[in-house]
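Could you put the whole structure together from the sequences, leaning on the hints where they help?
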Amino acid sequence: MCLSIPSQVTELHPNEDSVTVDTMGVKRKVSTHLIAEPLEIGDYVLLHVGFAMNKIDHKTAIENLALLKQMELANGC
Amino acid sequence: MAANGITLEQLYNGFRDPDTIKMLLAKIAQIAPQLPEPLRIMEVCGGHTHSIMKFGLHQLLPDNIDFVHGPGCPVCIMPKERIDQAIALAQQPDVILATLGDMIRVPGSDTSLAKLRAQGADIRALYDPLDALVLAQQNPDKTVVFFAIGFETTTPMSAVLVQQAEAMELDNLLLHVNHVLVPPAIDAVMAGGEATINAFIGPSHVSVITGAKIYQAAVDNYQTPLVVTGFEPVDILEGVLMLVQQAIAGEAKLEIQYRRSVSHDGNLKAQQLVADYFELADAFRWRGLGDIPASALRLKPQFNHRNAELKYAQILPTDPVDDHKACMCGEILKGIKTPQQCKVFGRGCTPQTPMGSCMVSSEGACHAHYKYAGVSL
Ligand code: SF4
Ligand code: SF4
Numbered sequence: 000m001c002l003s004i005p006s007q008v009t010e011l012h013p014n015e016d017s018v019t020v021d022t023m024g025v026k027r028k029v030s031t032h033l034i035a036e037p038l039e040i041g042d043y044v045l046l047h048v049g050f051a052m053n054k055i056d057h058k059t060a061i062e063n064l065a066l067l068k069q070m071e072l073a074n075g076c
Numbered sequence: 000m001a002a003n004g005i006t007l008e009q010l011y012n013g014f015r016d017p018d019t020i021k022m023l024l025a026k027i028a029q030i031a032p033q034l035p036e037p038l039r040i041m042e043v044c045g046g047h048t049h050s051i052m053k054f055g056l057h058q059l060l061p062d063n064i065d066f067v068h069g070p071g072c073p074v075c076i077m078p079k080e081r082i083d084q085a086i087a088l089a090q091q092p093d094v095i096l097a098t099l100g101d102m103i104r105v106p107g108s109d110t111s112l113a114k115l116r117a118q119g120a121d122i123r124a125l126y127d128p129l130d131a132l133v134l135a136q137q138n139p140d141k142t143v144v145f146f147a148i149g150f151e152t153t154t155p156m157s158a159v160l161v162q163q164a165e166a167m168e169l170d171n172l173l174l175h176v177n178h179v180l181v182p183p184a185i186d187a188v189m190a191g192g193e194a195t196i197n198a199f200i201g202p203s204h205v206s207v208i209t210g211a212k213i214y215q216a217a218v219d220n221y222q223t224p225l226v227v228t229g230f231e232p233v234d235i236l237e238g239v240l241m242l243v244q245q246a247i248a249g250e251a252k253l254e255i256q257y258r259r260s261v262s263h264d265g266n267l268k269a270q271q272l273v274a275d276y277f278e279l280a281d282a283f284r285w286r287g288l289g290d291i292p293a294s295a296l297r298l299k300p301q302f303n304h305r306n307a308e309l310k311y312a313q314i315l316p317t318d319p320v321d322d323h324k325a326c327m328c329g330e331i332l333k334g335i336k337t338p339q340q341c342k343v344f345g346r347g348c349t350p351q352t353p354m355g356s357c358m359v360s361s362e363g364a365c366h367a368h369y370k371y372a373g374v375s376l
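Protein chains in written order, with numbering that gives the first Met the number 0: chain A, 0 to 76; chain B, 0 to 376.
In short, the hints are calculated from the structure, not lab data. Wrong hints could be hidden among the right ones.
[As the list claims (entries may be wrong)] No farther apart than 30 Å at their CA atoms in a straight line, the calculated lysine-lysine pairs in the DSS-like style are these:
(1) K58/A x K21/B
(2) K68/A x K252/B
(3) K58/A x K212/B
Listed below in C-alpha cells is the structure:
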C-alpha cells in the first residue's frame with residue numbers, strides 16, 4: 000500500500016500548501032506539509048499517499064548511475 | 000522538462016536498466032564464493048518482497064544468497080482484534096470509517112470491512128489521509144474515524160491530519176491509531192533467535208522520513224550489516240552487492256544505497272510533526288510476533304478528544320484473537336517459514352479468497368509468491 004513514487008513538480012500552490020506533480024504523465028495535486036524548504040518547478044519529489052515526503056536529489060541520482068556504469072566498464076561486461 | 004539535468008524517464012529507467020542489472024548480478028556472482036557463510040538477507044518491507052518477486056531477483060542470485068521475508072507490511076502485521084475494532088466502529092450507525100489501502104479486505108474474526116461495506120456500512124478507502132478532512136466537513140452529523148495504519152513512512156501524514164483537524168476545529172474527526180515502528184520488529188525477529196538472518200535491507204521510504212540512523216542500534220547489537228535501499232531492481236541489487244562486500248570483509252555497517260533521497264538524519268520537519276502529536280505506546284500486539292514493547296505510537300494525551308479507542312472504548316473488543324489454525328502468517332513474518340510451506344497456500348488461500356493477511360496485502364509475502372512465482376502445486 001505504501002510504495003513511494005518519484006514525480007516532478009509542475010505547478011506551485013503556495014497558499015494551499017500543495018503542488019501539482021507529474022508522475023510519468025499523470026498529474027495530481029499533493030500536499031507539501033512535510034517539506035521544509037521551498038519547492039520549485041522542475042524539482043523531483045517522492046510521493047507517498049498524497050504527500051510529497053522529500054526531495055529527490057537529481058545530482059546524487061546521476062552520480063549513482065554514473066558510478067554503476069563505471070563499474071560496468073571496469074568489470075568488462 | 001530536463002531542467003535538472005535528468006528527466007523523470009531517466010530517473011525511472013536508470014534504476015531499471017537491464018545492462019546495469021546484468022552487471023550487478025555478474026559482480027555479485029563473481030565475489031559470492033568468497034562469502035564465509037550463506038548470506039540470508041531479510042527484507043523487512045513488503046515493498047522489497049514485491050520487487051524481488053516481480054523481477055525474479057531471488058532466482059538470479061547465486062545459491063548462497065537468499066532473501067527471507069520479514070514483518071514489514073502494516074496490513075500483514077495487523078492482528079485480528081484490531082481489525083475487529085475497525086469492524087465494530089464501522090457498525091456504529093453514526094460512524095464513517097475511513098482507511099488506506101488493502102486494509103478493508105483483511106479478514107477479522109467473523110467478517111471483513113469489505114463485506115460489511117457490501118452490507119451497507121459506510122466505509123471509505125482513501126488515497127490521501129487528508130481526504131478525511133473533506134469527509135468530516137461534508138458529514139457534520141457523523142463521526143469520521145480514520146483507521147490509521149503504517150510504519151514510520153505514513154505516521155507524518157497522520158500527524159498532518161491531526162494538525163489540520165485541530166486548525167479547522169473539526170470535532171467530528173477521530174483517529175484509531177495503528178502506527179508501528181520498524182526497529183522493534185527487527186529486534187523481535189533477531190531476539191527470537193529462530194530466524195537465521197545475517198543481513199538486512201531497509202526500505203528507503205521509511206528512512207526518507209526517519210533517516211538511516213534508526214537502524215544503528217540493530218547493526219551494533221546484532222553485528223548484522225544493513226543497507227537502506229530503494230525499490231527498483233538496480234537499487235536492490237546494488238544493496239545486495241554492498242551487503243556481500245561487507246560480509247566478505249567481516250564488517251557490520253549501516254550503509255545507504257538510496258542516497259538520492261535518504262540521509263543519516265532524515266526529514267526533520269516530518270519527525271517534528273510526529274513528535275508533536277504522537278508518543279510511544281507501551282506495547283503493540285503484532286500478528287505473528289506477539290506483544291512488542293514500545294513498538295507503536297499513540298496520540299498524545301492532549302489529543303484524547305481525537306482518540307477513537309478512548310471515545311468508543313465500550314464497544315471495542317480487546318481480546319486477542321488467534322489466526323486460522325492452518326495459516327502460517329506468523330511464522331512467515333518471523334522469517335521461519337516460506338509461503339509454499341503453508342498447506343492452504345494457493346488452495347484454500349488465494350488473493351481472491353485470502354485466509355490470512357499475507358495473502359491480502361499486495362505486498363504480503365504469500366500474495367507476491369502467488370502472483371509472481373506461479374502456483375506449482
Ligand atoms: S505497506 Fe508495503 S511498502 Fe509500506 S511498509 Fe508495508 S510492505 Fe513496505
Ligand atoms: S497462504 Fe494464506 S493461510 Fe497460508 S500463511 Fe499465507 S496468508 Fe496465511
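Structure-based check of all given hints:
1. Between K58/A and K21/B, the direct Cα distance comes to roughly 24 Å. Compliance with the 30 Å bound is thereby established for this hinted pair.
2. For the suggested pair K68/A and K252/B, the alpha carbons sit about 25 Å apart, so the restraint of at most 30 Å is met.
3. The straight-line distance between the Cα atoms of K58/A and K212/B is roughly 23 Å, inside the 30 Å bound, and the hint therefore holds.
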